[in-house]
Amino acid sequence: MAIEDIFEAVLTFNKVAVAEGVKAELDAGTEIDSILNEALIGALDVVGKKFSEGEMFVPEMLQAAKAMKAGLEVLKPYLRSESVASKGTVIIGTVKGDQHDIGKNLVAMMIEGAGFEVVDMGVNVDADRFVKAVSEHNAGVLCLSALLTTTMPAMENAVAVIKKSGLAVKTIIGGAPVTVTFADQVGADGYSDDAPSAVELVRKLMAT
Amino acid sequence: MNATERMNAAINLKPVDRVPNAPFYEAPICTYFGSTFRAALLEDQAMADAHLAALDEFRFDWVMVGMGLIGGIIPEALDCEVSFPEDVFPVIEKTTVESMKDVERIAKADVHTDRMERFLKGVSILKKELKGEVPIACEYISPFTIATRLRGTNEIMADMYDNPELVHTLQDALVPLDIEIGRALIEAGVDYIFYGADMECPLLISPNHYRELVHEPTAKVVNELSRLGARVLPHMCGDIIKAGIVDMLLETDISGIMPGNLTQASVLDLRELKEKVGDRTCIFDNINPNGPLLIGKPEEVATETRAHLEKAGGMSGYIFSTSGTTSPNTPRENFEAMNREVLNFQWA
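So the sequence lines, in the order shown, correspond to chains Y and U. Residue 153 in the working numbering sits at position 146 of the first sequence; the count goes up by one each step and never skips. Residue 786 in the working numbering sits at position 182 of the second sequence; the count goes up by one each step and never skips.
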């Protein structure tokens, strides 16, 4: 199985084929970077694009991410021993009072798929827990999610508490009701309106 | 015209004396008028008092209740672990469906919990006080959206490929329970069922999945509630025209369509929707509750509101509304600016 076949297997949600393909490429001596970036991350980038364009939806993104993860599991032992280092750590969670996790999960999967370490704090996370996690993991980016207009104030509070803590972490906010204007107003470092653009934003902020 | 006459005329696409004013106002008024936020959402007399005070001040053309119902009372009645904080909406702490065997337990649930009865009593108090002059609308959720509450959104979305039978079976179990809740609401005095279909919107699932998994249970619930005497008003975000969902909804006994625009990228054009539905059903407007209304200045709110009203331009079957929940943090002066603009507006 070639790189292109693994890529295609991610897009068709074929977990078994992805895992077998990755193993075959490893056995054939293909560079780990190529398998990771061209087959797995490349495919998930396409999935993200299709989602943004309304050609794929949440269930399809979840399936593609699962297929990609099946490949990552096979790669993992080699990732640790090779020079394919993590690109940095991202903390993510849904803010206090909000139980919605679908958007947050998609963003987490996409960011992880892009090669970052992701610490998923889950839902209903208060500001102090975010501060503690950022500090513990020396995270470069903190992603805050909210689906409800009613929990957007908790997002504002979390950004304020992070700023006050003095931690050198960039904050990104997102979620259906969140707008770029709101992000500017609460002093977040970034805003994204979907998972693929969140990945791009993380890449950009980690590079600064 | 009183509010009931005005709203019913608009729903029947008949002339009205002014634009019907029916925003999703519950969260801010619980903040403005509630003894506490929780009490105004959930507790019979406190709920009625807050809505009546709001009605006096804002002259809405409906009373809109039910955020506590869909956010906490229904999930709790169906075995979720729910907390009811004092100052925010209820929070589902733990979901309740892990496998098919849990569905049998859910199917036997008694939805008439104490909290449900208190809520229904609040509706009854409002019904008595309003004397039929103002209709009562209640938020309500579809079997699919309830399923995501009970099992978890992520899990249901994954089940659509991994275990579609569970999605079908869970909804089949929820249909009679949802109808039972709807029947109780109607008997308590609810006139309009605001049928929230948040999780099956075309921002999240494909049109194919909607048709395959959601359309049938939706039709069963909508048609039965309509038969029981309610006006059923489905609400959904995203491009419901392109996804073909408007066509599917029009196959059911709906009395109006309430498009949402919770994400900025997917504001549905009202004129386009009107062209699609013609004279078959009324349309609720979709002013963004998270735009100027939440974070702008009153004059910006007035401008945006006026733009929506002008765009509607004498459209038959037009009802002013917001595209979804208004935040409890909506500045009162902004809410007042929106309300004033609607009440004073006259189409040229």
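Errors might be hidden in some of the hints.
[What the hints assert, rightly or not] Below, simulated DSS-like cross-link-like pairs (lysine-lysine); rule was C-alpha separation at most 25 angstroms, straight line:
id, chain 1, residue 1, chain 2, residue 2
1, Y, K211, Y, K171
2, U, K698, Y, K57
3, Y, K57, Y, K139
4, Y, K73, U, K698
5, U, K712, U, K698
6, U, K712, Y, K56
7, U, K731, U, K712
8, Y, K139, Y, K56
9, Y, K211, Y, K94
[Claimed, not checked] Computed Cβ-Cβ distance ranges for the label pairs, DEER-style:
id, chain 1, residue 1, chain 2, residue 2, range
10, U, Q950, Y, S59, 16 to 26 angstroms
11, U, R875, Y, S172, 47 to 57 angstroms
12, U, D883, Y, K94, 34 to 44 angstroms
The set of hints was computed from the structure by calculation and includes no laboratory data. Every residue gets a Cβ at the ideal spot worked out from N, C-alpha and C, and that includes glycine.
Evaluated hints:
1. Using a Cα cut-off of 25 angstroms, the hinted pair K211(Y) and K171(Y) holds, with the two alpha carbons roughly 23 angstroms apart.
2. For the suggested pair K698(U) and K57(Y), the alpha carbons sit about 33 angstroms apart, so the restraint of at most 25 angstroms is broken.
3. Simply put, K57(Y) and K139(Y) have alpha-carbon atoms about 36 angstroms apart, too far for the 25 angstroms limit, and the pair is violated.
4. A threshold of 25 angstroms between alpha carbons decides the hint, and for K73(Y) with K698(U) the separation of about 24 angstroms falls inside it, so the pair holds.
5. The straight-line distance between the Cα atoms of K712(U) and K698(U) is roughly 19 angstroms, inside the 25 angstroms bound, and the hint therefore holds.
6. A distance of roughly 43 angstroms separates the Cα atoms of K712(U) and K56(Y); the hinted pair therefore is violated under the 25 angstroms criterion.
7. The suggested pairing of K731(U) with K712(U) is violated, with an alpha-carbon distance near 30 angstroms, which exceeds 25 angstroms.
8. Between the alpha carbons of K139(Y) and K56(Y) the distance comes to roughly 34 angstroms, so the proposed pair goes past 25 angstroms and is violated.
9. Distance restraint check for K211(Y) and K94(Y): the Cα-Cα separation of roughly 12 angstroms lies within the 25 angstroms cut-off, and the hinted pair is therefore satisfied.
10. As the Cβ distance of Q950(U) to S59(Y) is approximately 42 angstroms, the hint placing it in 16 to 26 angstroms is violated.
11. For R875(U) and S172(Y), the Cβ-Cβ distance of about 48 angstroms falls inside the hinted range of 47 to 57 angstroms, so the restraint holds.
12. One distance hint, 34 to 44 angstroms for the beta-carbon pair D883(U) and K94(Y), is violated here, with the actual separation near 57 angstroms.
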